[in-house]
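Student: Here the protein sequences come in this chain order: V and R.
Residue 180 in the working numbering sits at position 180 of the first sequence, and the numbers go up by one each step.
Residue 8 in the working numbering sits at position 8 of the second sequence, and the numbers go up by one each step.
Any given hint might turn out to be false.
Below, a list of computed lysine-lysine pairs in the DSS-like style, where the Cα atoms sit at most 30 Å apart [claimed, not checked]:
#, chain 1, residue 1, chain 2, residue 2
1, V, Lys33, V, Lys169
2, R, Lys31, V, Lys2
3, R, Lys29, V, Lys71
4, V, Lys143, V, Lys367
Per the computed footprint, the stretches of chain R lying under chain V, defined by three or more beta-carbons under 8 Å from a beta-carbon of chain V, are [said to hold, decoys possible]:
#, region
5, 7-20
6, 36-43
Everything labelled a hint here was simulated from the structure, so no lab data went into it.
A quick note: this is a predicted structure, and the numbers were derived from the prediction, not measured.
No residue lacks a Cβ here, since even glycine has one placed at the ideal position from N, Cα and C.
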Amino acid sequence: MKTVYLRRIIILFIVLIIAFLGARELWEIRHFKQSIVASEDLTKRVMLSDYFEGIKGTWVDTPVYIFDSGKAGGSMLWLGGTHPYEPGSMVTAYVAAENIKISKGKIFLIPVANRSAWTMGDYGMGYPKYFTLKGSWGAKKFKIGARNSNQLDQWPDPFTYIHYPSRQKLAPQDIRNLNRTYPGRPDGTLTERLAYAITELVRKENIDLFVDMHEASLMYPVVSTYVAHQNAEDITMMAAMMLSAEQFPMKSEVSPKNLRGLSHREVGDFTDALVVLMETAEPFIDRVAGKMTEELMVEGKDEFLQRAAEKGLLYCDPEYDIEFGRPMWYRVGRHLSATMELIKQMGSFYPDKEIEVDFPLFKDLEKNGIMHYLHNPETADPNRLFYQ
Amino acid sequence: MICLQEIIHQVYFIICGLFALLLLRNLFKRKTRNNLVYDIIYAYTFIPFLLRALHIK
């Protein structure tokens, strides 16, 4: 009997060591901090809870970087990390945060819109935890998050998620999906309160242009596309035409009225902002892609996607070619130029909403890469260095 | 509503803790299936409940 007990104690001890090692890794992922060396034009950094107290002290409260020229003009809210497993959107926001030069109007930048979803990853899908970009001053590590809010922060999911206020029935897990919970509600679930806080920011700051950055699978028809609320249809169509003529192919569509909870539908309906969502091609999300590696995230080269392209199964434009793949610089460059084109078109359609701003664009990233525009936190001015 | 959600949320953590304790008890005090394989299974399945109860995973 004593031998059996001893055996069980030894097994439990081994299991506790395994649990400890796993727990330590999970704890590090949840508490990982990303450095941002903000541009000299940063006016102030506030928390999203300044716009809605209901998320204060929670894992969804997230920094908002404000670049105010002090000169009257338009205002833009720019979101990265609505779905943190689409890191191109967050890297775009980091590049913008470190390089914005603004001379007219105001920009509100949220690099990680759903911070709770950023505190975990999609490890069940075999995703790596981080990816690294290398530059002249060294390497920088970026975390790959998850799609939905962390279950540690919001649980359980219902059998059916009923969207507020439309009462449309959606998939259970979408109750933790920021881009299914707009416009949000002040007494709702944590993710609904996050959506409400973002909507409140739009209302309180009289935001003119709301840009929500995403990445999509190559087999998803909406890839390489603007999706706009009908109020923003004109500027989006023009921006897509200009981009397609001058830089890279870009599609445009109008937000369907019966698909609820998305930023381009609800924020457009419940505020005065022109709302646009943008998708670039992220080979990681496709279920046909091969091994999920850092290289795939950074370079986007996959033989199975090449095969799918040859069979005509992909929707990305230009056509997928494994020689080029879909590198991170390309995806980030697209988001930067696509946002700039929206700003330009808004200024030309509505001169009172003009924003004069400068940040790196597609051609710059093509020439110099991403890391050229991200600064070394070790040598940065401590007043401009933030960890989030 | 937020308060009610928080109570339900915390109850789930408590349930996870109770399951972890149940598994731990059954690892040492059970009358059937006493061989090594079941020892490993009881100990191994203890991990997710423990980590959830500790707000780690």
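Student: Against the structure, test the hints numbered earlier, and report the numbers of the ones violated in rising order.
Tutor: 1 and 3
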